[in-house]
Amino acid sequence: MVKLPNSLRDWKTDAFEQSLKAEMECIRRDVLPLKEVIEADNTVDDSDLGVTFINATDDEHFIKALVGVYFAEIVSCCSCSGGSPIEEAYCEMHVTIDKSTGDTEFSVGEDYRR
Numbered sequence: 001m002v003k004l005p006n007s008l009r010d011w012k013t014d015a016f017e018q019s020l021k022a023e024m025e026c027i028r029r030d031v032l033p034l035k036e037v038i039e040a041d042n043t044v045d046d047s048d049l050g051v052t053f054i055n056a057t058d059d060e061h062f063i064k065a066l067v068g069v070y071f072a073e074i075v076s077c078c079s080c081s082g083g084s085p086i087e088e089a090y091c092e093m094h095v096t097i098d099k100s101t102g103d104t105e106f107s108v109g110e111d112y113r114r
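Residue numbers 1 to 114, in this note's numbering, belong to the letters of the sequence shown in order.
Please keep in mind that the hints were generated in silico from the structure rather than gathered at the bench. All values derive from a computational prediction rather than experimental measurement. Hints may contain errors.
What the hints assert, rightly or not - Cut-off 20 Å, straight-line C-alpha distance, at most; resulting in silico cross-link-like pairs (EDC-like, lysine to aspartate or glutamate):
1. Lys3 - Glu88
2. Lys35 - Asp98
3. Lys64 - Asp98
4. Lys12 - Asp59
Can you build the whole structure from these sequences, using the hints too?
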């Protein structure tokens, strides 16, 4: 399970947005559910992952944030000469941080699922 300790520490401060963005930009495709938003035969290139903060709320147990994630989608193309084309991709992602442990779960909004 991924932990976002800086985001948890900075909740309710001006530093939260930047901490969340910085920690998420270090996480890669094997953790983030980006494969859920691309075409079946394509792959994710997360070498230049970008994250934008949209909003966040909390309750007694969890911090719940919504972020925009920018990444590259490598298009599987059997007939392309010169390699597979790369397309810019975007999705909105829900981030849920457990306040007691820092354990973090990621899910993609229904609008972005294939």
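Take a quick look at whether Lys3 and Glu88 sit within 20 Å of each other, Cα to Cα. 27 Å, violated
Compare the distance between the alpha carbons of Lys35 and Asp98 with 20 Å, and conclude whether the hinted pair is satisfied. Violated, at about 24 Å.
Would you check the hint for Lys64 and Asp98, treating anything up to 20 Å between C-alpha atoms as holding? 9 Å, holds
Within a Cα-Cα threshold of 20 Å, do Lys12 and Asp59 meet the stated pairing? 12 Å, holds
Of the numbered hints stated above, those contradicted by the structure are hints 1 and 2, listed in ascending order.
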